[in-house]
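J.: Model the full structure from these sequences, guided by the hints.
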Amino acid sequence: MHMLVCGGTGCRASASDMLYESLKKEVQDNNLENEVQVVTTGCFGFCEKGPIVKMIPDNTFYVSVEPKDAKELVAEHALKGRKVNRLLYVDPTNKEQISDSKHMGFYKKQIRIALRNCGLINPENIEEYLAADGYEAMGKVLLEMTPEEAIKVVLDSGLRGRGGGGFPTGLKWQIASKNEADQKYVVCNADEGDPGAFMDRSILEGDPHTVLEAMVINGYCIGATKGLIYIRAEYPLAIQRLKIAIGQAREFGLLGTDILGSGFDFDVEIRYGAGAFVCGEETALIHSMEGERGEPTFKPPFPAQSGYLGKPTNVNNVETYANIPVIINKGAEWFSSIGTEKSKGTKVFALAGKINNVGLIEVPMGITLREVIYEIGGGIKGGKKFKAVQTGGPSGGCLTEKHLDIPIDFDNLIAAGSMMGSGGMIVMDEDDCMVAVAKFYLEFTVEESCGKCSPCRVGNKRLHEQLDLITKGKATMEDLDKLKNLSNVIKDTSLCGLGQTSPNPVLSTMENFYDEYVAHVTDHRCPSGVCKDLIRYEVIAENCVGCTACARNCPVNCISGERKQVHLIDQVLCIKCGACLEKCKFNAIAVI
Amino acid sequence: MELIKLTIDNRTVEVEKGTTIFHAAKKLGIEIPTLCYMNLKDLNIEHKPGGCRICVVEVEGRRNLAPSCATECMEGMVVKTHTVRVLNARRTVLELIISDHPFDCLICAKSGNCDLQSLAIKLGVRDIPFQGEKSTYKPDFSPAIIRDMDKCIMCRRCETMCNDFQTVGVLSGINRGFEAVVAPAFERDLDHSECTYCGQCVAVCPTGALTEVDHTKNVIAALSDSKKTVVVQTAPAVRAALGEEFGLEAGTLVTGKMVAALRQLGFDYVFDTDFAADLTIMEEGTELLDRLTRHLGGDKEVKLPILTSCCPGWVNFFEYNYPDMMDVPSTARSPQQMFGAIAKTYFAEKINVKREDMVVVSIMPCVAKKYECTREEFATDGNPDVDFSISTRELAHFIKSANINFNALPDEDFDKPLGESTGAAVIFGTTGGVIEAAARTAYELHTGKTLEKVDFEALRGFDGIRSASVDFDGVDIKIGIAHGLGNARKMLDDVKAGRSEFHAIEIMACPGGCIGGGGQPLHHGDSSVLRARAKAIYSEDESKVLRKSHENPSIIKLYEEYLGKPGSEKAHHLLHTHYFDKKSKQVLLD
Amino acid sequence: MTKIKSLADLKKMKSDLQSQISIRQKSENPEGRTLIRIGMGTSGIASGAKQVMEFLMDELEKRNVDAIVTQVGDMGYSYADPTVEVTVPGKDPLVFGDVTIKKADDIIEKYIKNGELLDGIIPVNYETIDKK
Amino acid sequence: MTSVKLKLKESDVQKLKEVAKSFNNEAGELINVLHKAQEIFGYLPAEVQEVVAQELNVPVAKVYGVVTFYSFFTMLPRGRYPISICTGTACYVRGAEKVLDEFKRILKIPVGETTSDGKFSITCLRCVGACGLAPVVMVGDKTYGRVTTDGVKDILKEYDTED
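As you go down the protein sequences, you meet chains X, G, E and W in turn.
According to our numbering, the first sequence is numbered sequentially starting from 313.
According to our numbering, the second sequence is numbered sequentially starting from 114.
According to our numbering, the third sequence is numbered sequentially starting from 640.
According to our numbering, the fourth sequence is numbered sequentially starting from 4.
Some hints could be false.
[Stated by the list, open to error] Here are the simulated DSS-like cross-link-like pairs (lysine-lysine), alpha carbons at most 25 Å apart as the crow flies:
#, chain 1, residue 1, chain 2, residue 2
1, G, Lys695, W, Lys20
2, X, Lys452, E, Lys742
3, E, Lys653, X, Lys452
4, X, Lys895, W, Lys156
5, G, Lys341, G, Lys235
6, G, Lys161, G, Lys251
7, E, Lys730, X, Lys414
8, X, Lys555, E, Lys730
9, X, Lys697, X, Lys407
10, G, Lys696, W, Lys101
11, W, Lys39, X, Lys538
12, X, Lys555, W, Lys10
To be clear, the hints were calculated from the coordinates, so they are not data collected in a lab.
T.: Structure (structure tokens):
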């Protein structure tokens with residue numbers, strides 16, 4: 313029996329490493345070392361209920377497991393074969409306990425290609441990766457295929473870049489392969505900066521070798537012998553596992569000189585990002601790797617012509633790479649049979665926000681939002697009403713009720729006014745104000761703009777200021793028109809992808825929720841009750857029992873009232889923190 | 114060369130492959146506006162960050178507008194430069210830039226000469242639809258340059274000049290997003306940085322963010338003080354550029370009008386820095402010959418090459434970057450300082466004016482000169498040899514403010530004796546001139562023969578680094594020339610590494626030498642004006658009867674009456690200097 | 640340290656290592672595989688269920704039989720322990736009682752491989768353990 | 004500039020010089036060296052940047068330009084217990100802003116600063132990838148999930164006795 317303990321960042325944050333130690337100890341104490349193997353794996357994706365422990369082979373899926381549960385798990389499940397019911401996942405819709413992952417809605421519709429090894433193998437053990445067909449694709453390419461043949465497989469598979477742009481990967485490789493140079497570079501973009509997307513990190517944490525393997529293949533295809541992984545310094549666990557993986561791969565001769573006797577040399581180095589979203593843009597990323605400010609430069613020249621240190625460079629994102637070995641092993645035809653006409657394969661999404669099953673999911677292109685939200689995601693949290701899904705992060709837009717049934721792929725999302733982006737998918741409910749959401753994204757863009765070009769540097773600042781005025785009820789209808797024109801000009805004139813997409817959250821919320829904008833402007837009202845300047849908290853006299861909970865929790869002591877008497881909020885002092893509303897058990901506080 | 118055909122605004126144009134839309138349009142006479150693009154062709158500097166986004170145009174088939182300065186032409190491309198979409202975008206972007214810019218044009222030093230202002234006029238901007246936060250920074254007043262970064266539009270031209278061309282590396286883009294600006298390390302003031310005050314940042318700044326310290330007020334105060342005798346000296350490069358400020362074509366010599374204007378402004382004596390340039394040749398040439406003779410005689414201790422020391426930006430650069438080589442440059446002071454020293458001693462005695470009652474003003478193509486005259490070693494009991502240095506631009510303003518119709522002025526001559534000069538002195542104003550002047554004198558002094566052909570064509574030109582051999586009657590003297598501090602650095606690194614075979618090297622901090630100085634009329638990115646100025650300088654040289662410094666009668670007289678001979682103790686005291694290790698000083702200052 | 644020097648090396652290494660995780664991969668796709676469950680209640684363990692399970696796991700691996708072995712709690716047939724439940728794809732589950740090593744061997748060779756019925760099948764009216 | 008020049012520990016400077024050397028004193032390694040420097044000194048004061056500039060032979064203005072570009076680099080010493088509030092989107096929609104406000108209110112410092120006793124500092128970071136636990140707060144290496152405004156006091160209390 314194998315006990316797989318999730319060792320992803322999310323679960324680790326809830327002490328899964330301690331849980332692992334406790335389980336190991338229990339297994340030892342019960343002399344079960346020969347029967348039961350406790351293994352740390354990468355992320356299972358079901359981050360909502362971490363830490364996760366999965367029992368193999370029966371697929372029992374335990375959620376929210378604490379270190380203190382280890383004893384019971386070993387005594388009951390391992391020793392006696394009895395499931396520990398209280399740790400089983402409960403379906404939020406019908407409140408039934410679900411015994412194994414095969415029956416969980418969260419996993420039913422998923423197809424795991426990029427995440428195939430996450431939650432399956434121990435990422436710190438190359439042997440487990442090798443056992444899971446690891447480096448077989450690399451061997452096949454290096455020894456049995458020409459670069460052209462390998463590129464053709466990638467081209468035919470229809471794989472498109474998963475980092476946001478959606479550029480055909482095979483084509484990118486082909487261009488880079490055709491540029492002659494004494495030295496070329498292969499770069500893995502692991503500078504995932506989209507707030508709310510963490511698939512790249514999960515892959516690196518759960519299956520680092522797959523990225524290395526794909527980079528070797530990429531290097532062979534374009535004629536590069538050096539690979540660089542540009543990774544966020546904020547991802548310590550991913551860095552650590554990557555370092556272990558590189559060390560093991562070198563030790564096994566899978567990186568280095570004359571790999572598998574093919575005569576091909578390739579090695580990989582790690583470069584650290586330092587917290588700049590714009591470095592996800594490939595020219596900015598390259599400047600950053602060269603020790604410069606991560607400011608993008610105009611393309612052309614493209615990195616494939618002149619990239620790192622002026623040499624032809626191919627940049628791909630982590631998730632893109634994670635698909636490569638499978639495509640080589642199973643063939644272009646197999647891969648292209650999944651997905652829609654122009655978007656092949658699967659896409660990993662980070663499902664988050666007001667949804668029951670927060671987590672990382674991998675679904676075939678062409679799945680509908682409805683399936684993702686209601687079947688995989690288990691519906692909206694707390695039974696609230698669905699309002700919108702934000703995809704593509706700060707570059708994307710909002711999808712609404714009317715978009716629920718369109719098949720998700722690169723082109724459909726753009727047509728719907730959003731974009732795939734790196735795969736963040738934030739679900740919002742009736743309590744979210746769309747103007748405030750747009751403002752949130754603009755705040756992000758303003759902070760992350762590099763400042764090189766005027767429309768992005770000044771324009772986004774002005775957009776944010778305008779949105780701020782709207783949320784304060786200080787804007788006019790004329791301002792809304794200006795907002796739209798400014799948004800369009802920023803898109804039209806900015807230097808790089810950041811500025812070219814940063815107004816999307818504004819444009820798409822204006823398109824889909826214009827009423828909300830108008831309500832803020834003309835009625836000075838925030839329909840969702842979010843914008844502090846436009847709301848006030850009041851006590852509903854008939855519901856107030858005078859329990860004093862609100863008054864005791866008010867941080868500025870602006871609520872007065874005797875015990876068992878109706879309380880009163882002093883609107884002048886109130887800072888609208890909402891503490892009273894949270895504390896009131898009698899529905900006696902209302903947002904007006 | 115492969116040719117490409119494209120259509121711009123419905124007109125067909127054929128250009129070389131690699132040409133940008135911006136230049137292709139120019140070929141058709143379509144001037145696409147820009148704020149950040151800068152092409153100093155003669156200096157091989159093309160700055161195209163594609164940052165301002167003013168020059169965007171519509172290219173058929175492209176999703177976004179394309180920056181014409183950075184987009185290369187392609188066969189069959191269809192470009193539109195003034196569609197509604199383009200005009201709306203251009204105006205909106207300009208409005209955005211202005212929305213983060215002070216509205217104090219009336220009192221801005223760059224008013225009337227500001228690219229941003231011109232563009233706002235051109236596009237007829239009347240209101241700014243987006244009011245919001247404006248960037249504010251602490252103004253930085255150094256002895257020579259004022260940084261008012263509230264007016265910075267992030268064109269980054271200064272950064273390119275300071276880093277790529279000058280390799281001084283004082284300015285860098287800092288912060289990001291709305292807070293991004295160009296600044297010295299830790300946003301310290303320039304006088305706490307390794308700034309050489311070469312002023313090339315000022316020369317290329319499109320707005321009032323970088324300007325020179327204005328001393329005109331002090332000069333007016335001195336002129337109106339009846340107790341003061343005010344003496345003015347004008348640098349050679351000024352006369353070749355001043356006319357541009359009055360609408361004259363670049364390269365128009367205005368020496369006589371300038372002298373007349375200075376007299377009208379009330380200067381008591383209008384002298385010429387050229388006089389001091391001849392004096393410099395006497396001192397520096399003697400030093401060169403001395404070192405050379407010793408070297409040829411087998412003296413292993415003697416330091417060669419000798420480096421010229423007339424350029425204060427270069428001296429600063431040297432003091433910060435090569436403190437271990439301080440015995441290499443000539444000890445001769447710059448012409449400005451030699452002039453000041455002689456004016457306040459020899460000449461003051463002659464006209465019987467006390468040192469403290471004399472004010473020496475210099476008109477310089479330079480902003481570093483402002484700093485140079487404040488150096489402590491160039492003062493006696495706290496009284497500086499040169500009191501104020503004003504730039505060509507400041508002089509032009511001064512003349513305009515005095516209601517002088519410059520172009521209608523008659524030509525007048527400099528006063529004597531400190532106004533007399535030779536052709537050798539005039540060419541100090543352009544790259545290669547100092548060393549050519551030195552060669553003319555050194556040749557005759559060394560060989561004892563008369564130099565038949567005074568024009569050393571091999572030393573002239575605009576290449577950043579040049580070298581030539583001069584035949585001193587059988588002895589090959591190897592001469593190196595660099596202008597621009599980046600080129601100087603290359604040359605100095607060779608000297609330091611022992612790879613240099615030069616006997617003498619001339620270095621000027623600014624592109625083209627003083628004619629391209631930081632205090633000259635703004636070239637607005639048109640580097641051809643530098644060539645025109647150089648040509649004017651050489652033509653003045655040619656028109657002179659005397660073209661060798663040692664033939665200047667006033668100089669001969671000065672030595673006879675006062676200094677003795679070149680390199681004498683008195684000459685050393687008044688005309689030579691020493692250098693400081695500013696690298697270590699910098700650390701102490703922090 | 641084991642340097643992998645050729646594709647053949649790599650393939651051999653993989654086949655050597657595959658068993659490490661095959662159980663996990665197989666569990667991803669349970670429908671196509673034979674499921675074997677061993678009653679490991681107290682009485683099961685007392686009567687040698689553990690040895691039977693180890694034997695089954697080792698031998699299935701060696702004989703290249705695609706099957707998943709799991710332990711379950713008491714099956715409720717303590718009179719016949721050790722008990723082993725075998726579900727061959729497409730067939731109803733069968734429970735074998737009093738399984739010895741020898742019998743386990745027969746289960747693999749005769750029942751799983753060749754579909755022959757064996758003695759000692761506990762007659763049931765029948766429910767799998769989960770449904771109880 | 005009247006600020007007193009910071010005296011760096013000689014052994015730390017030596018360590019930094021060795022780091023630079025291990026990167027062949029190459030200018031292109033600036034960011035890697037800065038990461039190491041921040042590990043050694045905890046932050047990147049001007050004096051440290053000057054050493055880095057000298058060792059890699061790049062202008063100190065450029066070093067400063069790079070340091071101020073990347074949010075990971077800090078020129079201010081962080082608190083003994085650096086508090087990082089995730090303001091990724093998932094945390095935002097689950098109330099990270101209110102949590103942040105509560106930290107600011109209680110500690111009386113804005114984001115990016117350190118309390119006068121040097122104990123706590125507040126920074127924001129974008130998505131630690133623990134979206135299931137949103138909103139997430141980190142204090143040093145310790146992660147707190149599903150933090151409410153009420154929980155803020157309790158988190159801070161944990162560090163009461165540790166002085």
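J.: Find the hints from earlier in the document that the structure breaks and name them by number, from lowest to highest.
T.: 2, 5, 6, 8, 10, 12
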